[in-house]
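Trainee: Fit chain C to the supplied structure of chain F, relying on the hints for placement.
Just so you know, the sequences run in chain order F and C. Heads up: the first sequence is residues 1 to 328, going by my numbering. Heads up: the second sequence is residues 1 to 297, going by my numbering.
Honestly, the hints are just simulated from the structure, not real lab data.
Residues from chain C shown here face chain F by an in silico Cβ test under 7 Å; the list is partial:
#, residue
1, L191
2, D192
3, Y193
4, Q195
5, A196
6, A199
7, A200
8, G201
9, I202
10, H211
11, P214
12, N215
Note that CB positions come from ideal geometry on N, CA and C, so glycine has one too.
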Amino acid sequence: MTSELAVDDLVVRFPLRSAMVARLLGRTSEVLTAVDGLSFTVPPGESVAVVGESGCGKSTLARCLVGLQAPTAGRIRLGGQVLPRRRTRGDRRRIQMVFQDPSSSLNPTMTVATMLAELLHVHDLARGDQVRARVAELLELVQLPGRIAAAYPRDLSGGQRQRIGIARALALEPEVLVADEAVAALDASVQASVLNLFAELRARLGLTLIFISHDLAAVRHVADRVMVMYLGAVVEDRPAESLFTDPQHPYTQALLDAAPRLDRRLGDEPSLPGEPPSPVALPSGCRFHPRCIHAIDHCRETEPVLTGPSATDRTACHLAWRDTHERR
Amino acid sequence: MTSTPSPPPPSAAALPAAVLPDATLPQPARRRPHMPRKFWIGAVIVGGYAVAALLAPVLAPADPMAQDVANRLADPGTNHLLGTDELGRDVFSRLVHGIRVDLMVGFLGAFFPLVVGTLLGALAGYLGGWADVVIMRITDLVQGFPVYILIIALVFALGPGIRTILIAFTAIAWVIYARIIRDAILRVRSLDYVQAARAAGIPHHRILLRHVIPNTIHQSVIYFTSDVLFAILAVAAFSFLGLGVPPPTPEWGSMIAEGQPYLRDQWWLAAAPGVAIVGIGLGLSLLGDGVDDRWRR
Numbered sequence: 001m002t003s004e005l006a007v008d009d010l011v012v013r014f015p016l017r018s019a020m021v022a023r024l025l026g027r028t029s030e031v032l033t034a035v036d037g038l039s040f041t042v043p044p045g046e047s048v049a050v051v052g053e054s055g056c057g058k059s060t061l062a063r064c065l066v067g068l069q070a071p072t073a074g075r076i077r078l079g080g081q082v083l084p085r086r087r088t089r090g091d092r093r094r095i096q097m098v099f100q101d102p103s104s105s106l107n108p109t110m111t112v113a114t115m116l117a118e119l120l121h122v123h124d125l126a127r128g129d130q131v132r133a134r135v136a137e138l139l140e141l142v143q144l145p146g147r148i149a150a151a152y153p154r155d156l157s158g159g160q161r162q163r164i165g166i167a168r169a170l171a172l173e174p175e176v177l178v179a180d181e182a183v184a185a186l187d188a189s190v191q192a193s194v195l196n197l198f199a200e201l202r203a204r205l206g207l208t209l210i211f212i213s214h215d216l217a218a219v220r221h222v223a224d225r226v227m228v229m230y231l232g233a234v235v236e237d238r239p240a241e242s243l244f245t246d247p248q249h250p251y252t253q254a255l256l257d258a259a260p261r262l263d264r265r266l267g268d269e270p271s272l273p274g275e276p277p278s279p280v281a282l283p284s285g286c287r288f289h290p291r292c293i294h295a296i297d298h299c300r301e302t303e304p305v306l307t308g309p310s311a312t313d314r315t316a317c318h319l320a321w322r323d324t325h326e327r328r
Numbered sequence: 001m002t003s004t005p006s007p008p009p010p011s012a013a014a015l016p017a018a019v020l021p022d023a024t025l026p027q028p029a030r031r032r033p034h035m036p037r038k039f040w041i042g043a044v045i046v047g048g049y050a051v052a053a054l055l056a057p058v059l060a061p062a063d064p065m066a067q068d069v070a071n072r073l074a075d076p077g078t079n080h081l082l083g084t085d086e087l088g089r090d091v092f093s094r095l096v097h098g099i100r101v102d103l104m105v106g107f108l109g110a111f112f113p114l115v116v117g118t119l120l121g122a123l124a125g126y127l128g129g130w131a132d133v134v135i136m137r138i139t140d141l142v143q144g145f146p147v148y149i150l151i152i153a154l155v156f157a158l159g160p161g162i163r164t165i166l167i168a169f170t171a172i173a174w175v176i177y178a179r180i181i182r183d184a185i186l187r188v189r190s191l192d193y194v195q196a197a198r199a200a201g202i203p204h205h206r207i208l209l210r211h212v213i214p215n216t217i218h219q220s221v222i223y224f225t226s227d228v229l230f231a232i233l234a235v236a237a238f239s240f241l242g243l244g245v246p247p248p249t250p251e252w253g254s255m256i257a258e259g260q261p262y263l264r265d266q267w268w269l270a271a272a273p274g275v276a277i278v279g280i281g282l283g284l285s286l287l288g289d290g291v292d293d294r295w296r297r
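So here's chain F without its partners, still in its complex pose (with noise of 0.2 Å):
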């Protein structure tokens, strides 16, 4: 039931300034690129991480993937059909997102059964008494106690909320869930339980599973396999795996020297300095270049190609796959 999610050269661009107003200036109109040439396959029920500094294009690429916004240029498919640009309903339910912020992405007027039948009423999926039954269905699924239908989201805590945003994406019965940040804005007991409830939930309904986070460490029981992003480019595309241990491209070894330990000694500097330059204006030669300490000539003139040894396996640097003390 669950087919493969192809991504063909994704590009989103959004213009800065209209064409006119830019005209009427005088100047150039200037665009931000968020999403620049995006190509990968995700196999039936794999769970991918997406992981990348805010600003790297990660959103977009949930947005898109949902069709909440229309790329610039390339196209989705799933299970070799190509999702259009204006998608129908049916395409949509394919295809559901859990949002970051559980307490602005459910509507305060609605109560947790009014909400999720709606769904089931617009989508046709159950009717007359089958709808109680497939609300009740629904919450036990997120393991919430029924009576929760009855209550508003303020009722709510955070983490019931964004149990609640997850079964509003399953009731569609969607072949991928996109979760974006789905416990970024949860407390750190309560992420635990909720990314127990992602890695249950694909285990259970064999669903493909597309885990958008900022944060490594997060990611590292769910996902099968790690794409990281880098202004709006994915340089390292890995089994999850070989990328904990053996990072491949210089950014992935600093988001992981990044994360917080306890066996840090003061004075250890993280590996990253500065920030993401702007997507405005795209540095020449490999996007990462002016932050990677260890940059070359060559990095400044040719973009790498992601490449490597298999199509799930891909780092885009010309320094990869070399003998890391070579690099250190």
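Mentor: Showing chain C alone in chain F's frame:
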């Protein structure tokens, strides 16, 4: 509903954290909180006025237009509850009939702008682009004018009367509603729950009706209650100036104007309609405040 929060047993053992409910569960879900007391006090006051307006012919002891010059400026007493005015008309009867005129002009004078403004504001907010630019520039234009000057100009152009007053109010007061609704729609449209509804394939009209408008309309409704009061005060003010409801019709503003020369000896001629205006104002304010409190929760 049977509530058995049975967590799936086998896998749950491996995932102990998942079995723990996040924080404490809420009390058995409660219904929406009740309206605050001030809402009900306001509702009773406004309701009282409305009932009095409906029952005016029954409540009023005399014909509000009937003159009895021999009996002019009579003191309040058994024959005339609030005395008679300069033409010998029963003040209480005029006061009660005046509710009809003032309440109607007040409500219609706020209702028409609400409808026009909500419609144009929703168009501007939802369509965006040139529709937004044109509609919003018109609101700037209208708001740039001093309100009363504009109404006076319209009254002179169209001649005094209830119809003119309603047209004038609608032409001016819609801009506030347009702004309120437009801003609310812009704000709500980008909120996650509207995005989620879009991502879930819920049709546009349903998103507007069930997700956007229920979360935006309350600001207009709250504003409406204070706008009714503004309209009543404005009608009274214009009638006081002789620009509003033409004379024989009983209306509070013109009653105050007529009573003004006798303020020293027959103060109740002006005071009674004044108190009536204060009363409806209080009722409407409490009503609006109550709705506001209720929605803020």
